[in-house]
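Top line first, the protein sequences correspond to chains H and R.
Take 2 as the starting number for the first sequence in the working numbering and just add one per residue.
Take 2 as the starting number for the second sequence in the working numbering and just add one per residue.
Quick caveat, the hints were computed from the structure, so don't treat them as lab data.
In this text, all values refer to a predicted model and were calculated from it rather than measured experimentally.
A portion of the hints provided could be inaccurate.
Note that identical chains are pooled: a pair holds if it fits in a single copy or bridges any two copies.
Claimed, not checked - Straight line, CA to CA, 25 Å or less: simulated PhoX-like cross-link-like pairs of lysine-lysine:
| hint | residue 1 | residue 2 |
| --- | --- | --- |
| 1 | 111 | 54 |
| 2 | 85 | 54 |
| 3 | 43 | 54 |
| 4 | 166 | 84 |
| 5 | 43 | 148 |
| 6 | 84 | 54 |
| 7 | 54 | 108 |
| 8 | 84 | 108 |
Protein chains: 2
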Amino acid sequence: MSDFQPTKTILRLELPTDPRWVNIAEKNIEEILVDHAYCEQKAATSGISLIVKYPDKTRLVEEMTELVAEEWSHFERVLAELKKRGFALGRNRPDEYVVELSKHIRKGDKRERQLMDHLLVNALIEARSCERFKLLWKNLQDEDLQKFYYELMVSEAGHYVSFVKLAKEYMPVEVVDARLKELLAIEANIIANLEHRPDRIH
Amino acid sequence: MSDFQPTKTILRLELPTDPRWVNIAEKNIEEILVDHAYCEQKAATSGISLIVKYPDKTRLVEEMTELVAEEWSHFERVLAELKKRGFALGRNRPDEYVVELSKHIRKGDKRERQLMDHLLVNALIEARSCERFKLLWKNLQDEDLQKFYYELMVSEAGHYVSFVKLAKEYMPVEVVDARLKELLAIEANIIANLEHRPDRIH
Numbered sequence: 002m003s004d005f006q007p008t009k010t011i012l013r014l015e016l017p018t019d020p021r022w023v024n025i026a027e028k029n030i031e032e033i034l035v036d037h038a039y040c041e042q043k044a045a046t047s048g049i050s051l052i053v054k055y056p057d058k059t060r061l062v063e064e065m066t067e068l069v070a071e072e073w074s075h076f077e078r079v080l081a082e083l084k085k086r087g088f089a090l091g092r093n094r095p096d097e098y099v100v101e102l103s104k105h106i107r108k109g110d111k112r113e114r115q116l117m118d119h120l121l122v123n124a125l126i127e128a129r130s131c132e133r134f135k136l137l138w139k140n141l142q143d144e145d146l147q148k149f150y151y152e153l154m155v156s157e158a159g160h161y162v163s164f165v166k167l168a169k170e171y172m173p174v175e176v177v178d179a180r181l182k183e184l185l186a187i188e189a190n191i192i193a194n195l196e197h198r199p200d201r202i203h
Numbered sequence: 002m003s004d005f006q007p008t009k010t011i012l013r014l015e016l017p018t019d020p021r022w023v024n025i026a027e028k029n030i031e032e033i034l035v036d037h038a039y040c041e042q043k044a045a046t047s048g049i050s051l052i053v054k055y056p057d058k059t060r061l062v063e064e065m066t067e068l069v070a071e072e073w074s075h076f077e078r079v080l081a082e083l084k085k086r087g088f089a090l091g092r093n094r095p096d097e098y099v100v101e102l103s104k105h106i107r108k109g110d111k112r113e114r115q116l117m118d119h120l121l122v123n124a125l126i127e128a129r130s131c132e133r134f135k136l137l138w139k140n141l142q143d144e145d146l147q148k149f150y151y152e153l154m155v156s157e158a159g160h161y162v163s164f165v166k167l168a169k170e171y172m173p174v175e176v177v178d179a180r181l182k183e184l185l186a187i188e189a190n191i192i193a194n195l196e197h198r199p200d201r202i203h
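Make a model of the complete structure from these sequences and hints.
Right under this line is the structure:
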């Protein structure tokens, strides 16, 4: 394995996850995998929504098309990990973290601003997933899953970068940077106030 | 090319499309391709919804996971055909055909019955797409697109069969056959009453 390290500096998240999360998560691996499967499903669904909403943005459509295929292949892989362990896909539960963060996508008639917010919120979800996957990679006992989460961590880091770059296609760089800074603070605040959930990715 | 012929006997559709449709469709190839892209997107979205709604049905989850990946790869391919011709993905328009047909998915507390209806409606949409793709394959002047629609026709025929088989996993064969017969009549009736639309797949 390479030395890839998504540090705070790369992904800029302001509040690291309590390192105890992973130990408790390991005890809930079935629920973690089910929750993870739905994270991938939601990421695919969100990519599809962006295409349907902004079909005139060619670059966005192309990148989202690729992203949806990738997220869906992750969904398939999580499903295979569940099956290997004799678990079924459980029910989807509302993802409070995503719900809270999505409230900060500003509505109204500024179409590009809304798109930027949407892309940056997606970037932050990828960043937080990446941070959690890093913890799983570094700390899980199950070697199979360690490798799996290493790969997915790298992929999510790539998505974070793509979302931020894409936002800069449609809005001035300094506007995007300023909004990202605001959203990073909001994200840290949401994480700090969420109930500790060792059976969830977020 | 093989002799594959999705005849009325295979797909059981009761009302063949007016053969003039394809000639007019060829003149609207940009709109046909855009409409087709959204058909693939809707098929993928519908597969995802079935997974989220029935995560306890393992066989369904597995087959839908595969189907979504396939529909999404079709979406990618339609997008590439658009790009090749210098067209962009236009706006999504409501698909009256699908809306009308979906009204026959019975709601209520009979979960398996609703699932059966949903699967059979999806089967019929695949069958009708298959029938239209056959016309495009047989009649388009553009050789590239001919090949493309030949391949997709075969794929949609496979999906039709899978949806009907899947329905029979969850409901007695005779119940499924009877409901399929009803829905075939309903589908023919919808097609007969839809305004003639040479810029749409359905």
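Those earlier numbered hints the structure runs against, lowest number first: Of the numbered hints given earlier, the structure breaks just one, which is hint 8.
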